[in-house]
Structure formats: structure tokens, C-alpha cells
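There are 2 protein chains.
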Amino acid sequence: MDNDWIDEYHEGVRYGLKGKVIIKEFSPYQEIAVIESERYGRGLLLDSCWMTAEKQEKHYHECLAQPALCGAKNLDKILIIGGGDGGTAKECLKHKEVGYIDLVEIDSKVIEICQEYIPTIGGNAWNDPRLNIAIEDGIKFVEQAQQDSYDIILVDGSDAKGPAEGLFNRDFFENCQRILKPNGIFATQSESPEAFLKVHIEIINLINEIFNYSDPLYGWVPMYPSGWWSWTFAAIDKPRYLNPIKRRVDCIEQNCQIWSPRWQKGAFQAMPAFIERGLKK
Amino acid sequence: MDNDWIDEYHEGVRYGLKGKVIIKEFSPYQEIAVIESERYGRGLLLDSCWMTAEKQEKHYHECLAQPALCGAKNLDKILIIGGGDGGTAKECLKHKEVGYIDLVEIDSKVIEICQEYIPTIGGNAWNDPRLNIAIEDGIKFVEQAQQDSYDIILVDGSDAKGPAEGLFNRDFFENCQRILKPNGIFATQSESPEAFLKVHIEIINLINEIFNYSDPLYGWVPMYPSGWWSWTFAAIDKPRYLNPIKRRVDCIEQNCQIWSPRWQKGAFQAMPAFIERGLKK
Chain A
9 MDNDWIDEYH
19 EGVRYGLKGK
29 VIIKEFSPYQ
39 EIAVIESERY
49 GRGLLLDSCW
59 MTAEKQEKHY
69 HECLAQPALC
79 GAKNLDKILI
89 IGGGDGGTAK
99 ECLKHKEVGY
109 IDLVEIDSKV
119 IEICQEYIPT
129 IGGNAWNDPR
139 LNIAIEDGIK
149 FVEQAQQDSY
159 DIILVDGSDA
169 KGPAEGLFNR
179 DFFENCQRIL
189 KPNGIFATQS
199 ESPEAFLKVH
209 IEIINLINEI
219 FNYSDPLYGW
229 VPMYPSGWWS
239 WTFAAIDKPR
249 YLNPIKRRVD
259 CIEQNCQIWS
269 PRWQKGAFQA
279 MPAFIERGLK
289 K
Chain B
9 MDNDWIDEYH
19 EGVRYGLKGK
29 VIIKEFSPYQ
39 EIAVIESERY
49 GRGLLLDSCW
59 MTAEKQEKHY
69 HECLAQPALC
79 GAKNLDKILI
89 IGGGDGGTAK
99 ECLKHKEVGY
109 IDLVEIDSKV
119 IEICQEYIPT
129 IGGNAWNDPR
139 LNIAIEDGIK
149 FVEQAQQDSY
159 DIILVDGSDA
169 KGPAEGLFNR
179 DFFENCQRIL
189 KPNGIFATQS
199 ESPEAFLKVH
209 IEIINLINEI
219 FNYSDPLYGW
229 VPMYPSGWWS
239 WTFAAIDKPR
249 YLNPIKRRVD
259 CIEQNCQIWS
269 PRWQKGAFQA
279 MPAFIERGLK
289 K
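So the protein lines, in turn, are chains A and B.
Using the working numbering, read the first sequence as starting at 9 and increasing by one per residue.
Using the working numbering, read the second sequence as starting at 9 and increasing by one per residue.
Keep in mind the hints are simulated off the structure, nothing from the lab.
Be aware that a few hints might be false.
Any copy, or any two copies together, can satisfy a pair, since identical chains are not distinguished.
[To be verified] Below 25 Å or equal to it, Euclidean Cα-Cα: the simulated DSS-like pairs (lysine-lysine) are:
1) LYS206 - LYS26
2) LYS206 - LYS63
3) LYS26 - LYS288
4) LYS169 - LYS32
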């Protein structure tokens, strides 16, 4: 069969990859599809929205993980909410200092399908004894977790609708703040300043109210709406995400495609004028 | 008639806007089309590639023009190569200090169609007595221009194929260097580091050989392939584009949507690791 176009539609815009659907299934939470694309290798869609692809995953996973992993005081205990494709876990496990990771994914089907059809995104993470997978609702998980439990919390969820909706509100962020160690770092994807302007600004303002220090970082994920993406980092004792620790940088830098200390410094500065004017003072 | 999808295709990827084609004509150089889109207002395509749209033009024009206009010693004489939609000229003319602009566009039909169907992109520039339009080949124009003629040269051409192909080679850049005043600034769009990786690196390396100072700047134009875009700035006596002059910033800052001194500082730093490794040392 010839390849066809598979598109994500968003408010009068579509972004399509030429390829073939190789599996499409429904879980209790969402539709899960994997395609073989000509340009980016295998790609994952949830509810017809692009999540990741083999040759594009570093654009997202490095940017979410490395500013946090390179800046936190310790890397003993890491929590990932979502991240069922394994890419964020793989990115964390580049660091030898990591003690263990709790990966809390609500949808076991996402993990099963990614392990079977796109195993390269999680790579060795799936076999690393430091990775503990919990099939649970991340919102309940952070409610029940003990205070000061984690050195790093990374929220790797889909858009602020469907199963990920509760990952972008005050209760959730307050629980993350409570269970984060005082010298740790919190990070979440915070949507596109272009395609999801309203929710982007809401996320930044909320996190800014709840944590002592917070800053959005701007990058690119070509397959996401507008291609322009953001992640927001937060901390309690000081803005540790702004200052990568040299021994950690040395450990991972050659193994990164987008991220570098230089890139990160620029990406934290590159806030467009209309967002700077739109944020609460 | 219902709206339909109008797509640009690029190596197994497509980016489409929902809308209606309102005019499509052939000039001696290319196919020119204007659409009415639901999300971004009227948009221009040349040879089926997205050029600009009413609600997205600032992503491109501010980033090409303002680092140059805010940094050059003087703004007496400006040269724009290409730029037939008028957006770069409008961006320059925000500055009261501008003496005059030579806009050298090869295709008169692009100007005619933009003036008639998307007049907002050029806006008042089309009626500003400081704007001189020359319908000429930009490559020949820079060959014939006198040494030290311009304070600013902005190359606002389409991709490195078709009529714009000669805007990305050594002869052209050397002529630009020759006709630029020693305290001026040269800038060109330099393609996507993702969708046009090879030509992106070639442009940066060439400009770096020809000018004493040069730096790429990274931003976003959602409608271009990958959404991730770059512009490269160059200068002769010092890297003036890095230091916006305060009185110029004060004159235009409130009137910019993407550009600000903060954004610019970040955008010059935000070079991804794979490009930093790919450039000549």
C-alpha cells in the first residue's frame, strides 16, 4: 500500500507526515496510533495529536529533562508524570548519578505499544533497574506522596484536555511543590505560546505563584502545533535550573542533539515580547 | 464554496492552512497565489511555498529587520533585496532615522499582487516617500552598486532555489560586503536548521568567511518548514547587531510583537548543539 498523509488538525492549521499507520488501538483513555513516517521514522499519536517520533524526540525530551537534571542539587529520586513513550526516562538515565525513577503513567497501553512498536525512544531505559513503572493516575499519585520526596519532578503529559487536563491546575502544581525537595527542580511542558497562548500564560502565572522561582524556556518541536514549544522550570531555594553543574554537563553534552549550556541560556532568554507583556508582573 | 486545505509540501511533511485561494497567477518567475485563511488572515504563496500571512508576518519581518536597524551606526541608506510583500520595508520605516530605502525586487507581479490583495503587510510603507522600488535582479544590483553605499542590507528572499538561488552564494555575499558601509549591518534569512540543514550551515560558514563578524539568530515562523527559522547577521567593524541602541529600542519596542532586546539576546544564544558542532571552527 502506498504511503498516505497522516495529519494533526488544530484551529485551521494541519501538520502532516507521509507514512503508514502500523497500529491503532483504543485504551480506556484515548486512541493510540503508531505510524511509520518517511521523514521522522516511527511516530506516536494520541487522539490524533502528534506526541513524538524517533527522529524528533530529542527536541522535546532533552529540553524537558536536561535543564532540571543538570541543575538540581541531587539526583537520587526522580518522578516522571506521564512519559509513557520512555523518552524522558532515557534522557534522565544518561546521568550516572540518578538513583531511581518513578514513572507514573495512567495508560498502560501507551507503554505496551511504545515498547513493542517504538522501542528506540525508551531505549535502554526499559531495561534499567533504576526505572520503576507505576500504572496510576499522576494526579492522585502526587496527592498521596510524602512531602520532600523527590529531587526532580518532570511532567511529560499531553495537551491540557483529555487524560492530561488535571496536570495543569493549582492543586496539582501545589502537590508537586510539596513533594519536591527544597533543593530540587520541577519542570513541565507548558504548551505553545502561539497555538495555545491562553493556557501557556496560565501555566506560567500559576507556577510563578506557587514556587519561589520559575522561568519558561522556549524551543522547537516541529511536529507540535506551530512548532514553537515551551517548558517551564521551577525551584524552591534558588533558580537552580539556570546554572548547569559542570560535572553533569561533561557527562552528557556530547550525547545531546539540541541541548547545551549555551542553547539553554538562550532558550530561557528568548521570551517573545507579547508573552513578556502578557505575564503578571 | 467551502474552505479547503492549502498545503506546502516539504520532504515527507506538509503544513496546511484552511482557506480559499483568492488569486493565482503566473509571472515570468514563479506562481503567485494569495489565500484567505481562517487562522492567519490573507497569506502569500510563491511556487506553492508559504511566504507570509497577515497574522504571522511579524515572526519573520521583526526578526530580520530589528537586530540590524537597532544596531547599525546610521540608518541613512537601506537596501532590501526581495521583500516584495512590503513587510520588511514597513518594519524598517518604524524608525524615524531611516533616510531612504532601495527595495530591489525581481518580480513586479509580487509587488502588484501584494499591494492589491494583502496591503496590510506593507501598510504605510507603500506610500512612504522614503521607499524607492526598483524592479531588478538583486544579484546584478549588488554587482553594480558602489562600494560603501548602504548602512543596512537586508536579504528577504525565498528558499535557495528558483529566482532566489543566487542570493546564497559567495559572489553575492562578497558584493554585499563591498557595498556595505564599514559601520553598517548585513542580514539575510538563512533557512531552517532542521528542514534545510545543509544550506543553513553553508550560508553561515560562507558569511563567516566574508565578514569580520557574523552570528545566526534562531526564531519561529510557524508556516515555514519545521517552524524553526534563522536569520544571519554580519558586520565589518564590530558585531553591532548584538547591541541595540537604546534610543532606537525606545522608538519601536512597544510596536513589536516578537522582537525585544531580551528576546534578541536569547535568540542569538539559542544555537542547537548539532549546529554548533557542524559549523567550521
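How would you label the pair LYS26, LYS288 (within, between, both, or neither) given a Cα cut-off of 25 Å?
-> neither (42 Å within a copy, 34 Å between copies)
Up to 25 Å between alpha-carbons, please classify LYS169 paired with LYS32: within, between, both or neither.
-> The answer is within: 20 Å in one copy meets 25 Å, while 39 Å across copies does not.
If the cutoff is 25 Å on CA atoms, where do LYS206 and LYS26 land: within, between, both or neither? Let me know, please.
-> between (31 Å within a copy, 22 Å between copies)
Intra- versus inter-copy proximity for LYS63 and LYS206 (alpha-carbon distance at most 25 Å) | This pair counts as between: shortest inter-copy Cα distance 17 Å, intra-copy 29 Å.
Consistency with the previously given hints fails for number 3 only.
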